[in-house]
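Trainee: All residue numbers for the sequence shown refer to our numbering, where the first residue is 8 and numbers rise by one.
Just so you know, not all the hints are guaranteed correct.
Listed next, with one range per pair, are the computed distances between beta-carbon atoms [stated by the list, open to error]:
(1) Gly241 - Met107: 49 to 57 Å
(2) Trp34 - Leu243: 29 to 37 Å
(3) His100 - Trp254: 24 to 32 Å
(4) Val163 - Phe61: 52 to 60 Å
(5) Gly211 - Leu99: 39 to 47 Å
(6) Ala102 - Val163: 24 to 32 Å
(7) Arg154 - Val64: 25 to 33 Å
No lab work stands behind these hints, which were simulated from the structure alone. A virtual CB, placed ideally from N, CA and C, is assigned to each residue, including glycine.
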Amino acid sequence: MSARLLRLGRHLLVEAWLPVLAVTVWWVGSASSTSLYFPPLSQIAERFRELWLFDQVPVHLVPSLQNLGWGLLCGVAAAVATGIVIGRMPRLHSALLPLMEFMRATPILALLPLVFGLLGLGVTSKVALIALGAFWPTFLNTVDGVRSVDPQIREVARAYRLTRTDIAFRVVLPSAMPQVVVGFRTSVSVAVVVVVGSEMFGAGNGIGYFVLQAQRTYAIADMWAGIVLLGLLGYLLNLLSAGFERWVLSWHRGQRAAAAVLGEGAR
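Input sequences plus hints: build the corresponding full structure.
Mentor: Here you go:
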């Protein structure tokens, strides 16, 4: 237990020193600032406390998190299911490859006018746009992961007369899971960007809307407070997705450790 706490403390120290240094330099360097666009960090911190602890949380933060959650859930679920199907069908993959490469290179926020035109300016269009942004990283990684499964493993599964469903969920998906999780973590980052972008157009609430309105009304300290909140939210989501990755792939790390031990024994 003491060794684990020591490792945790060392990890926190390594990870925290740069943010602490950056905040200290920012605080001291901006203390005497008279610029309209770069107010002192002390003023930003005060507005952050007044706005986000917790006056504006139900008005702006909660709707953003709800849109983010539904968009991620829909996009990632569709990506994994579709990626397994296409990854197991080489001809279909070859036929859809030009479309996949086209969509990979298309910025999701460029589709804002199209999505808003089709679905309106409500929550549905925002969730759909977030789902679309979250779909592609997970989908492409799932396809690559499925296609990289060792053919001999599939042959063994067929020899044991496993059904296609069992092969998909007990053989193919676990083998592809490391790449699926990498795609999921990328999807989380993309989804946060899309949340903010979608709320800057035709919205009445959300963090993106708040930041844009603060900029338009020259409430610059409020704008910076919203930007700081976005940074903290992104960092927290990254920690959560990293924890999810460790949990989902705990068996995979165990297998690698066992293989390393066996390799050392063989030598």
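Trainee: In ascending order, which of the hints set out earlier in this document are inconsistent with the structure?
Mentor: Of the numbered hints, 1, 2 and 7 do not hold.
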